Amino acid sequence: MNDIAAIKQPVIAEFQRFEAFFSDAFESDNEVLKEIYAYVLDNVGKQVRPLLTLLCSQVCGGVTQTTIQASVSLELMHTASLLHDDVIDEADQRRGKPSVHARWGNKSAILAGDYLLASSFLVTTTINHPKIWQILASVGKQLAVGELLQQDSTIDMQWSEAHYLDVIYNKTAQLFAACCQVGALAANATKEQVAAMKQFGENIGLIFQIKDDIFDYFDSKEIGKPTGNDLKEGKITLPLLYALLQVSTDESNSILNLIRQVYHNHDESTIPVIQQFARSHGGIRYAEERMDFYQQQALAALSLFEESEGKSALLAALHFVSDRNY
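Count along the sequence shown from 1, add 20, and you get the number used in this note's numbering.
I should point out that these hints are in silico values taken from the structure, not numbers from a laboratory.
As the structure is a computational prediction, the values presented were derived from the model and not from experiment.
The reader is advised that the hints may include incorrect statements.
[What the hints assert, rightly or not] Within a straight-line C-alpha distance of at most 20 angstroms, the following computed DMTMM-like cross-link-like pairs (lysine to aspartate or glutamate) qualify:
| hint | residue 1 | residue 2 |
| --- | --- | --- |
| 1 | Lys127 | Glu110 |
| 2 | Lys252 | Asp105 |
| 3 | Lys28 | Glu47 |
| 4 | Lys231 | Glu212 |
| 5 | Lys231 | Asp23 |
| 6 | Lys66 | Asp23 |
| 7 | Lys161 | Asp105 |
| 8 | Lys231 | Asp186 |
| 9 | Lys231 | Glu309 |
| 10 | Lys252 | Asp239 |
| 11 | Lys28 | Asp343 |
| 12 | Lys127 | Asp49 |
| 13 | Lys231 | Asp105 |
| 14 | Lys117 | Asp239 |
| 15 | Lys252 | Asp112 |
| 16 | Lys231 | Glu253 |
| 17 | Lys161 | Asp186 |
| 18 | Lys54 | Asp44 |
| 19 | Lys331 | Asp23 |
| 20 | Lys127 | Asp112 |
| 21 | Lys127 | Glu51 |
| 22 | Lys127 | Asp105 |
| 23 | Lys252 | Asp287 |
| 24 | Lys252 | Asp49 |
| 25 | Lys231 | Glu167 |
| 26 | Lys66 | Asp44 |
| 27 | Lys66 | Asp232 |
| 28 | Lys54 | Asp134 |
[Unchecked claim] If you anchor each label on the Cβ, the simulated ranges turn out as follows:
| hint | residue 1 | residue 2 | range |
| --- | --- | --- | --- |
| 29 | Glu181 | Gln154 | 26 to 32 angstroms |
| 30 | Gly302 | Thr146 | 47 to 53 angstroms |
| 31 | His284 | Leu168 | 20 to 26 angstroms |
By construction, the Cβ of each residue, glycine as well, lies at the ideal position given by its N, Cα and C atoms.
Let the sequences and hints guide you as you build the complete structure.
Structure follows, in structure tokens:
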């Protein structure tokens, strides 16, 4: 069970219900939105988040209609945030293809994202579970907070490991946590089980983002976003953060000046130099050590649950997120 297709098998029927409901939520009479959404649906990612929701629900007692509804609402919110993020980051690619904002322009991308957010709210109204309502609303707020925090993480702003972790918690880990927590709640899990699934989600989310940030320091055609993209946006992520702390102030300032050239002057010629600096000064190794720590935390959270096909799939999902090369 080492790929997404295999991990889906314990909930394959339920995942197909999710996919049908998710696609229906994109329905629109507007021709521009139809074109955009056909493109988005044709380029969906691995959909790890709704898969985790379904698996957590199964482990905690069984997938319910509430599970399906909540997974759709969360994935719609996530998809909307990607459309908006690409506008904010001026990203021309998403999963190796032109982003919506690159093809249709900023206004259409923002409005298409707004439409999906409204669709997410509509799905939420069909859920008869106040606690899940609160979690879904909180996710929307924290995604915005994470993006604002990230704007303060550029070369000219503050940067530290604590701030970095705050950013990736709000932008990524809290959404994973919500997916797992909601899955447990939808199956009427105990408070202890809900807390354990939330902890599992937080840690797998932290791993997911750190792995994504590691990709930025390598050149690989398999990676869905262009490598060096964070550096182009002036973002200092964990591998580079660690490396900068291993050298003298003069050397650190020299690298920071190279990043400023990339960010302010759009001089991408020095990106390979910065990437090599992070690699040669232990940045990748340190980031992988942090991933290992969070993996142990995730495993500890799952230890509460009895062995089952669903638990095995969650363990496989954890290893997939840690070991993936795309």
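Now for the hints, and whether the structure bears them out:
1. For the suggested pair Lys127 and Glu110, the alpha carbons sit about 13 angstroms apart, so the restraint of at most 20 angstroms is met.
2. Straight-line distance between C-alpha atoms of Lys252 and Asp105 comes to about 15 angstroms, which keeps the hinted pair within the 20 angstroms bound.
3. Distance restraint check for Lys28 and Glu47: the Cα-Cα separation of roughly 26 angstroms exceeds the 20 angstroms cut-off, and the hinted pair is therefore not satisfied.
4. Restraint check for Lys231 and Glu212: not satisfied, since their Cα atoms lie roughly 29 angstroms apart, outside the 20 angstroms limit.
5. For the suggested pair Lys231 and Asp23, the alpha carbons sit about 16 angstroms apart, so the restraint of at most 20 angstroms is met.
6. Distance hint between Lys66 and Asp23 is fulfilled; the C-alpha atoms sit about 10 angstroms from each other, no more than 20 angstroms.
7. Restraint check for Lys161 and Asp105: the C-alpha separation of about 14 angstroms stays at or below 20 angstroms, so the hint holds.
8. Note on Lys231 and Asp186: the hinted pairing holds, with a Cα-Cα distance of about 16 angstroms set against a maximum of 20 angstroms.
9. About 11 angstroms separates the Cα atoms of Lys231 and Glu309, which keeps this hinted pair within 20 angstroms; it holds.
10. Between Lys252 and Asp239 the alpha-carbon distance is near 14 angstroms, which keeps this suggested pair within the 20 angstroms criterion.
11. The suggested pairing of Lys28 with Asp343 holds, with an alpha-carbon distance near 17 angstroms, which does not exceed 20 angstroms.
12. Distance restraint check for Lys127 and Asp49: the Cα-Cα separation of roughly 18 angstroms lies within the 20 angstroms cut-off, and the hinted pair is therefore satisfied.
13. For the hint linking Lys231 to Asp105, the alpha-carbon distance of about 19 angstroms falls within 20 angstroms, and the restraint holds.
14. At roughly 17 angstroms between alpha-carbon atoms, Lys117 and Asp239 fall within 20 angstroms of each other, so this suggested pair holds.
15. Between Lys252 and Asp112, the direct Cα distance comes to roughly 12 angstroms. Compliance with the 20 angstroms bound is thereby established for this hinted pair.
16. Between Lys231 and Glu253 the alpha-carbon distance is near 18 angstroms, which keeps this suggested pair within the 20 angstroms criterion.
17. With a CA separation close to 14 angstroms, the supplied pair Lys161 and Asp186 stays within the 20 angstroms bound.
18. Restraint check for Lys54 and Asp44: satisfied, since their Cα atoms lie roughly 12 angstroms apart, inside the 20 angstroms limit.
19. Of the pairs offered as hints, the one joining Lys331 and Asp23 holds, with about 15 angstroms between alpha carbons and a cut-off of 20 angstroms not exceeded.
20. Restraint check for Lys127 and Asp112: the C-alpha separation of about 15 angstroms stays at or below 20 angstroms, so the hint holds.
21. The hinted pair formed by Lys127 and Glu51 meets the criterion: a straight-line CA distance of about 15 angstroms does not exceed 20 angstroms.
22. Our distance criterion of 20 angstroms between C-alpha atoms is met by Lys127 and Asp105, whose separation comes to about 13 angstroms.
23. Of the pairs offered as hints, the one joining Lys252 and Asp287 holds, with about 9 angstroms between alpha carbons and a cut-off of 20 angstroms not exceeded.
24. A distance of roughly 38 angstroms separates the Cα atoms of Lys252 and Asp49; the hinted pair therefore is violated under the 20 angstroms criterion.
25. Between the alpha carbons of Lys231 and Glu167 the distance comes to roughly 19 angstroms, so the proposed pair stays at or under 20 angstroms and holds.
26. Of the pairs offered as hints, the one joining Lys66 and Asp44 holds, with about 19 angstroms between alpha carbons and a cut-off of 20 angstroms not exceeded.
27. Restraint check for Lys66 and Asp232: satisfied, since their Cα atoms lie roughly 14 angstroms apart, inside the 20 angstroms limit.
28. The straight-line distance between the Cα atoms of Lys54 and Asp134 is roughly 14 angstroms, inside the 20 angstroms bound, and the hint therefore holds.
29. Glu181 and Gln154 have their C-beta atoms about 30 angstroms apart, which keeps the hinted 26 to 32 angstroms range intact.
30. In this structure the supplied range 47 to 53 angstroms holds for Gly302 paired with Thr146, their Cβ-Cβ distance being about 50 angstroms.
31. The supplied range of 20 to 26 angstroms is met by His284 and Leu168, whose beta-carbon atoms lie about 21 angstroms from each other.
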